[in-house]
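Residue numbering for the sequence shown follows the working numbering, starting at 133 and increasing by one per position.
The set of hints was computed from the structure by calculation and includes no laboratory data.
Keep in mind that this is a model prediction, so the values were computed, not measured.
Ideal Cβ positions, reconstructed from N, Cα and C, are used throughout, including at glycine.
Among the clues, some could well be false.
Label-pair distances were calculated between CB atoms; the ranges are [stated by the list, open to error]:
#	residue 1	residue 2	range
1	A198	A313	31 to 41 Å
2	R257	A343	48 to 58 Å
3	E302	A198	18 to 28 Å
4	N142	V216	12 to 22 Å
5	E291	Y195	20 to 30 Å
6	R257	T145	35 to 45 Å
7	L326	T145	46 to 56 Å
8	A330	E302	33 to 43 Å
9	P312	F225	34 to 44 Å
10	L326	R204	26 to 36 Å
11	R259	M321	36 to 46 Å
12	L148	S332	42 to 52 Å
13	T243	E302	23 to 33 Å
14	T145	P312	20 to 30 Å
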Amino acid sequence: MSRAEERLANDPTSELWGEHRSRYRFAARLATAGQRVLDVACGAGFGLELLKEVGACPLGVDYDAAALADVRHRSRKPEHYTLVRADATQLPFEDQAFELVVSFETIEHVTDAQAFVHDIRRVLRPRGKLVLSTPNRAFGAPERHARNPFHVREFTADELHDLLSASFEEVQLFGQRPSPAYRYVPFLMIERDLSPAAFSWKLMARLPFSARDLLARALSGRPFYPGEDDYCFDPDHTEGAHALLALAQ
Numbered sequence: 133m134s135r136a137e138e139r140l141a142n143d144p145t146s147e148l149w150g151e152h153r154s155r156y157r158f159a160a161r162l163a164t165a166g167q168r169v170l171d172v173a174c175g176a177g178f179g180l181e182l183l184k185e186v187g188a189c190p191l192g193v194d195y196d197a198a199a200l201a202d203v204r205h206r207s208r209k210p211e212h213y214t215l216v217r218a219d220a221t222q223l224p225f226e227d228q229a230f231e232l233v234v235s236f237e238t239i240e241h242v243t244d245a246q247a248f249v250h251d252i253r254r255v256l257r258p259r260g261k262l263v264l265s266t267p268n269r270a271f272g273a274p275e276r277h278a279r280n281p282f283h284v285r286e287f288t289a290d291e292l293h294d295l296l297s298a299s300f301e302e303v304q305l306f307g308q309r310p311s312p313a314y315r316y317v318p319f320l321m322i323e324r325d326l327s328p329a330a331f332s333w334k335l336m337a338r339l340p341f342s343a344r345d346l347l348a349r350a351l352s353g354r355p356f357y358p359g360e361d362d363y364c365f366d367p368d369h370t371e372g373a374h375a376l377l378a379l380a381q
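Could you put the whole structure together from the sequences, leaning on the hints where they help?
Pasting the structure below:
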């Protein structure tokens with residue numbers, strides 16, 4: 133199975149756009165000017181742009197050659213990025229080549245998660261940091277997670293902590309959540325809700341994106357979908373979070 137089948141396109145109208153960008157914003161706060169940063173499974177490449185904004189030197193790796201070609205085509209300054217086609221479990225880089233590695237919504241797609249983490253540890257310098265995210269298998273009913281044919285394995289917080297601790301000395305987990313101002317987010321609506329407010333939201337969701345977003349901003353002052361500034365990362369509080377973000381070093 134290829135992660136490309138579930139890749140987030142470079143599409144600001146997607147309900148997942150703000151969620152993914154918020155993770156890169158988290159990682160960018162850890163980066164410093166001149167640092168070599170590796171983005172494993174860089175996909176559409178918008179994370180490379182966010183890392184470049186803080187002065188880092190990002191390098192993107194992806195197994196999908198078409199995705200890398202699209203990054204080059206879309207980028208305003210493609211010469212700013214180094215892009216490499218490679219398997220995430222067999223990174224073609226020297227030991228201790230990077231100060232920071234990011235990999236978001238990738239580990240659930242690989243067949244050997246331990247090899248994946250081990251190789252990331254290999255290319256990181258001593259005390260280098262890994263920022264990694266994955267769906268929280270403890271969020272919602274078990275069958276909700278079994279339905280995704282593109283995921284090899286999803287993790288609970290304890291399982292992810294144990295996996296990373298085998299390669300890293302320090303591991304901290306964060307629960308990713310949208311702002312409480314957002315009661316209705318499609319991928320979080322796991323229980324049936326027949327309230328008038330939920331019904332109104334579902335009616336708005338049928339509108340073209342531009343119309344629903346304009347209406348939402350007029351009524352609430354916020355975008356229809358949470359943006360990159362509308363997510364929080366709660367340290368050591370993963371219960372009830374739809375996604376897990378790990379910081380390992």
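>> Is 34 to 44 Å respected by the C-beta to C-beta distance linking P312 and F225?
In response: holds, 41 Å
> Does the hinted range 36 to 46 Å hold for R259 and M321 at CB?
Replying inline: Because 41 Å falls inside the window, the suggested range holds.
> Is the gap between the beta carbons of R257 and T145 within 35 to 45 Å?
Replying inline: For T145 against R257, whose Cβ atoms are near 38 Å apart, the range 35 to 45 Å holds.
> Is the distance from the Cβ of E302 to the Cβ of A198 consistent with 18 to 28 Å?
Replying inline: violated, 37 Å
> Is 48 to 58 Å right for how far apart the beta carbons of R257 and A343 are?
Replying inline: Holds: the Cβ-Cβ distance is about 49 Å, inside 48 to 58 Å.
> Quick one: are L148 and S332 within 42 to 52 Å, going by C-beta?
Replying inline: violated, 22 Å
> Has the hinted range 12 to 22 Å been met by the Cβ atoms of N142 and V216?
Replying inline: holds, 19 Å
> Cβ-Cβ distance between A330 and E302: within 33 to 43 Å?
Replying inline: Distance hint for A330, E302 holds at roughly 41 Å.
>> Holds or violated: the 23 to 33 Å window for the beta-carbon distance between T243 and E302?
In response: holds, 27 Å
>> Taking 31 to 41 Å as the stated bounds, is the beta-carbon spacing between A198 and A313 within them?
In response: At 37 Å between Cβs, range holds.
> Falls inside 26 to 36 Å, the C-beta gap from L326 to R204?
Replying inline: violated, 48 Å
>> Tell me if the beta carbons of T145 and P312 are separated by a distance inside 20 to 30 Å.
In response: holds, 24 Å
When the structure is compared with the earlier hints, violations turn up for hints 3, 7, 10, 12 and for no others.
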